[in-house]
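Can you build the whole structure from these sequences, using the hints too?
2 protein chains.
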Amino acid sequence: MNRKELVELIRERRSFLCVGLDTDMAKVPEKFRGVKDGAFEFNRAIIDATIDYAVAYKPNLAFYESMGIEGLRQLKLTMDYLHGLGKKAFVIADAKRGDIGNTSQQYAKAFLDPEGEFGFDAMTIAPYMGEDSVVPFTKYEGKWVVLLALTSNKGAFDFQLMRDAESGKRLFEVVLERSKAWGTVENMMYVVGATKAEMLDDVRRVVPDSFLLVPGVGAQGGSLEEVARHGLTKDCGLLVNSSRGIIYASNGEDFAERAGEEARKLQGQMEELMKGTVL
Amino acid sequence: MNRKELVELIRERRSFLCVGLDTDMAKVPEKFRGVKDGAFEFNRAIIDATIDYAVAYKPNLAFYESMGIEGLRQLKLTMDYLHGLGKKAFVIADAKRGDIGNTSQQYAKAFLDPEGEFGFDAMTIAPYMGEDSVVPFTKYEGKWVVLLALTSNKGAFDFQLMRDAESGKRLFEVVLERSKAWGTVENMMYVVGATKAEMLDDVRRVVPDSFLLVPGVGAQGGSLEEVARHGLTKDCGLLVNSSRGIIYASNGEDFAERAGEEARKLQGQMEELMKGTVL
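Sequences listed follow chains A and H, in order. Residue numbering for the first sequence follows our numbering, starting at 184 and increasing by one per position. Residue numbering for the second sequence follows our numbering, starting at 184 and increasing by one per position.
Hints may contain errors.
It does not matter which identical chain is used: a pair holds within one copy or between any two.
As the list claims (entries may be wrong) - Pairs of lysine-lysine, DSS-like flavour, derived with a Cα cap of 30 Å:
hint : residue 1 : residue 2
1    : K292      : K214
2    : K210      : K363
3    : K337      : K322
4    : K210      : K417
5    : K322      : K210
6    : K270      : K337
7    : K352      : K458
8    : K219      : K417
9    : K352      : K271
10   : K270      : K417
11   : K352      : K337
12   : K417      : K259
13   : K219      : K259
14   : K214      : K187
15   : K458      : K271
16   : K322      : K363
17   : K417      : K271
18   : K292      : K270
19   : K448      : K292
20   : K219      : K270
21   : K259      : K270
Simulated from the structure, these hints should not be mistaken for laboratory data.
Put into C-alpha cells, the structure is as follows:
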C-alpha cells in the first residue's frame, strides 16, 4: 500500500488506529486455548470486530515465534484472512529485524515479498547496524520500513538519548537525520513511543512529513491527545497503535465486542483530532 | 552449555571456530535444490564434515525465514540433528532480536527454552532498545545473550562509533559498559567484527573476560591472526565465525570435503594461536 492509498484509507475510516495483534495464548479467552487454529480464530474475531475503526494491524512476530512453527502457520492464516477481506488494511510485521546487507535482503524477502508467505505492507527495523542493514527493506514497491527511533519502553533511555559529541544531537535524532537519505517519505516511517510525546516536536523538526508509528497509548500510559497535538500533519502522518488495551479489553465471552468498543472509542477520538486538519 | 563446558570444548577440539549455517538455496550445490529437506541435508553434510574442527554453529535465521514456514522446519531438523549428535556443539541463533520486556520474553522462549522447538544455547540480540529488551534472554540457565557491540558491516560506522558528549566514549563502548550490569561473563557475549580488529583492544579494555563472537573473518576480509592477537584471553574468550568461506568453499560434488578442509585449516591456525596461553 503506497502513501496515497494509506492517507485515503485514513480519511475514509476517519481513523489512524493500528491494532496490535500480540496474541498471547495465556491471555486470550479460554475457548481459544488448546484448540486447532486458536490463535488465528482469536485474531479473526478481533479483526472482524475492529476493522471498521482501524486502518492497520500489527502482529508482533515474537508472540507467533514463541509458539514455534505452528505459530507461524497461525500468522500466515491471519495474513491470508486480512488479504482476503473485502476491507483494506495496512499490515505491519513488528519484527524489529536488521542484519548485514545480504542477510537483511533475506528478511525482506521473508516478510515483504508479494510472492512470499506473508506479504506484509511494512516491517519494523532496528537501526543499530546502519545503512546496509536498512536499505534492502526499501526495495519492494509500495512496501515500507518502519525504523525504530525512540521506543516506548524504559530501556529507550539507555542509548537512544545519548548525545553526539560532534553535533550535539541525541542518538534518535541522528538515526532520523541519517536515515532520511536511505529512503523517502513514501517508504520509510519511524517508531516513536507515545510515552515520550513531548519529544515528538523534536522528531517532527527532523522528519516533518514522515509517517510515525506510535506505540504506547493505553496500557503503556501514553496520551492520544498529546500524540496528536505534537505529531499530526495535514495528511495525518500518524499510525497510533494499541495492543493490550483492545485485544485484552475482556477475556470473557464479550472479548470481541469489548475490543470493538475500545477501537470505536479511539476512532471517535481520532476523528475529532483530525477535524480541521486532515478531514 | 555453560562457560566451563564451552572452554573445555575449545581445549578439547583445539579450536574456537564457529561455522555459520547461512544456508541459501541459491548457493548450495544443485542436488539440494527443490528436493525434500534440501536445506537440512546440506546442513547435515556440512556439520558432519566440520564438527571435528569446530566448537560452534550459527544458523542465521534470515536464511530460514526467507523460505517461509518450511524453512523453519528445516532449521528444526538441523537443531534436532545437532542435539542428537554424539559430539557436542554450542549453537547460536543469529536472530538479532530485541523488543520491549514482555515481548523479548516471548523471543527468548521461542529460541532458548529447552522445552521449545529449537533449544539454542545462545542468541544474538540488538541493543538499541536497552536493558529491558536484553535481560529476558539471560533468564535461562546455561544460555547466553550475544549482544551486538561493533558489527562487521559498513553500516557499523553510521551509529556505533558515535561519541557520547558526556563520557567521550563511543556508542559500542557505552553498550559494552552499560550491559555489563545486565548479565555476567557466564551468560553474556558480544559481537565484535573481525573487520575492526584494531578496535578489539578498546573492547577488551571494557570487557576483559567476556567471550566475543567475531564474524567477518574470510569473505568479509578480517584476519584471524589480528583477532587472536587483540582478543584472545587465557581461557580463549573468542568464537570466530566463518560462513561463506566454509559452507560455499565449493558448490560441486566436493562441497563437503572442501568445507571440511577449510574448517581444518582454520582449526590448525587456531591451535597454533592458542598454544602457550589457552592450551
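Cross-check of the supplied hints:
1. K292 / K214: between (35 Å within a copy, 23 Å between copies)
2. K210 / K363: For K210 and K363, the Cα distance exceeds 30 Å both inside one copy (39 Å) and across copies (33 Å).
3. K337 / K322: between (33 Å within a copy, 19 Å between copies)
4. K210 / K417: Neither: 38 Å inside a copy, 48 Å across copies.
5. K322 / K210: between (37 Å within a copy, 22 Å between copies)
6. K270 / K337: neither (36 Å within a copy, 42 Å between copies)
7. K352 / K458: Classified as neither; 34 Å inside a copy, 47 Å across copies.
8. K219 / K417: So K219 and K417 fail the 30 Å test inside a copy (45 Å) and across (53 Å) alike.
9. K352 / K271: So K352 and K271 fail the 30 Å test inside a copy (39 Å) and across (48 Å) alike.
10. K270 / K417: within (24 Å within a copy, 63 Å between copies)
11. K352 / K337: both (20 Å within a copy, 22 Å between copies)
12. K417 / K259: neither (35 Å within a copy, 49 Å between copies)
13. K219 / K259: both (14 Å within a copy, 22 Å between copies)
14. K214 / K187: neither (40 Å within a copy, 46 Å between copies)
15. K458 / K271: Only inside one copy: K458 and K271 sit 22 Å apart there, 64 Å across copies, limit 30 Å.
16. K322 / K363: For K322 and K363, only the intra-copy Cα distance (15 Å) is at most 30 Å; the inter-copy one is 37 Å.
17. K417 / K271: So K417 and K271 pass the 30 Å test inside one copy only (22 Å; across, 60 Å).
18. K292 / K270: within (25 Å within a copy, 35 Å between copies)
19. K448 / K292: Cα proximity of K448 and K292: none, with 37 Å in one copy and 34 Å across.
20. K219 / K270: within (26 Å within a copy, 38 Å between copies)
21. K259 / K270: within (18 Å within a copy, 36 Å between copies)
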